[in-house]
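*Asks:* Take a look at the letters that make up each chain.
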Amino acid sequence: MSRWMFELAIALVLLAPAPLLAGAPCTAPSADCVAVGEWDLSVAIGIGERSNPIAGNDDIPLFVIPQLSFYGKRFFLDNLEFGYTLIETESHTLNLIATPGYDRVFFFRNDPQNFFVPGVGLVSAPGEADVSEEMTRVEIAARRARSTTYFTGTEWLFELGRSVGQLSALYEATGRHKGYEVRGAFAVPLVQATASLVLSAGFTWKSSQVVDYYYGIDGYYEPGDAFNPFVKLGFSQPISERCSFTAFVHYERLGSSIADSPLVTEDAVTTAFAGFVWRVF
Amino acid sequence: MRARSFAWLLLATIVGAPDVSAAQVGSAVTLDVKPRVCTIAETDELCETTVRAQWRSERDESLCLVIVGRPEVKRCWDNYSEGRYSIELAFSEDLTVQLRDPNLEHVLASAAIAVIRQAVELRRKRKQPWNILY
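Read top to bottom, the protein sequences are chains H and B. Residue 72 in this note's numbering is what sits at position 72 of the first sequence, and the numbering runs on without skipping anything. Residue 90 in this note's numbering is what sits at position 90 of the second sequence, and the numbering runs on without skipping anything.
By construction, these hints were calculated from the structure, which means they are not laboratory data. Be aware that a few hints might be false.
[Said to hold, decoys possible] Which chain H residues face chain B? A few, computed with CB under 7 Å, are given here: (1) Asn-52; (2) Ala-55; (3) Asp-78; (4) Ala-185; (5) Ala-187; (6) Arg-242; (7) Ala-259; (8) Asp-260.
Every residue, glycine too, gets a C-beta built ideally from N, C-alpha and C.
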């Protein structure tokens with residue numbers, strides 16, 4: 001499996017079918033509709049953890065998760081992602097987006113994606129580390145610098161009744177590894193009353209350049225591309241107009257070319273969180 | 001002679017013309033209400049503001065200030081040539097303030113506060129099932 005996955009995703013994104021079931025039009029601010037030109041800040045405070053598959057690296061605690069977004073007429077900012085909406089109908093949206101590569105979170109605790117998590121990076125960049133001659137190639141690879149990367153590409157979001165789907169075809173534009181990613185997911189509400197229970201399933205396909213940049217070892221382990229499927233179960237219960245309780249469990253199976261890396265000791269990443277979300281404004 | 005009389009009549013008409021405003025009904029009493037417009041977001045249900053009313057008359061008057069649809073609001077003056085009144089109000093539609101005679105039978109002056117709702121432009125929120133925080 002190589003670039004055909006990316007090319008297929010591009011084709012699907014650009015040939016997004018006509019609306020099958022239209023969503024409700026935006027007539028008032030709601031969970032589905034936001035006011036143009038207004039900032040939205042929510043903060044989730046609770047307890048959670050993300051397992052870390054990298055050898056010797058601790059799991060990542062989750063205590064505070066801020067969510068900041070801004071929607072202009074076309075432009076939007078959504079946490080660390082930003083983009084431009086090309087097409088928006090009641091059930092389909094086609095965006096150009098810029099989104100960070102997420103693998104870095106396992107190597108650097110102070111990555112921006114590990115918001116507000118106390119402590120410093122578990123693995124130091126070269127030059128900062130006390131590199132000894134005894135260090136193995138694996139250890140050197142683990143300590144290798146991995147810069148923050150950004151992918152750019154197209155994103156297709158769609159709704160089928162109450163279910164939502166996503167397909168993104170992305171290219172690493174910051175020039176670190178020039179790899180590709182395809183991200184896809186589909187979420188189905190199992191319960192949608194006052195409380196909601198949503199089951200999601202999806203995948204991330206990473207080209208060999210992406211996998212090699214994070215999990216490869218020069219001259220020792222040169223991985224191919226990877227397909228990571230995941231499932232997630234999320235629960236949300238509104239408590240007041242500005243506060244809700246939320247909990248989720250996310251299980252992601254690592255593709256064999258990642259799981260087989262000598263840097264990796266686990267073949268899956270599990271993330272769980274439970275806490276309260278406050279809408280600040 | 002006739003032309004001179006017409007000129008004087010015209011001048012007197014211009015100089016002596018009464019100050020006509022929308023809030024003035026009749027010849028003597030003028031009513032000024034602030035604000036004239038209350039602008040609220042489309043998502044807001046009510047305009048909450050302090051309504052300030054001020055009236056003047058060339059001669060002493062006995063009258064009452066009322067607000068249409070608000071029977072609880074009534075302020076009367078007896079033989080005054082001016083008066084002021086303010087009240088905190090919350091309203092969703094245009095508000096009409098009136099000056100009436102003490103028996104509330106005749107409207108002497110009237111002014112309105114217009115409620116204008118700002119149109120809020122909405123768009124769909126990005127729903128990303130791939131995102132762990134979705």
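*Asks:* None of the hints should be skipped; say for each whether it holds.
*Replies:* Consistency of the hints with the structure:
no.	hint	verdict
1	Asn-52	15 Å, violated
2	Ala-55	23 Å, violated
3	Asp-78	6 Å, holds
4	Ala-185	4 Å, holds
5	Ala-187	4 Å, holds
6	Arg-242	14 Å, violated
7	Ala-259	19 Å, violated
8	Asp-260	24 Å, violated
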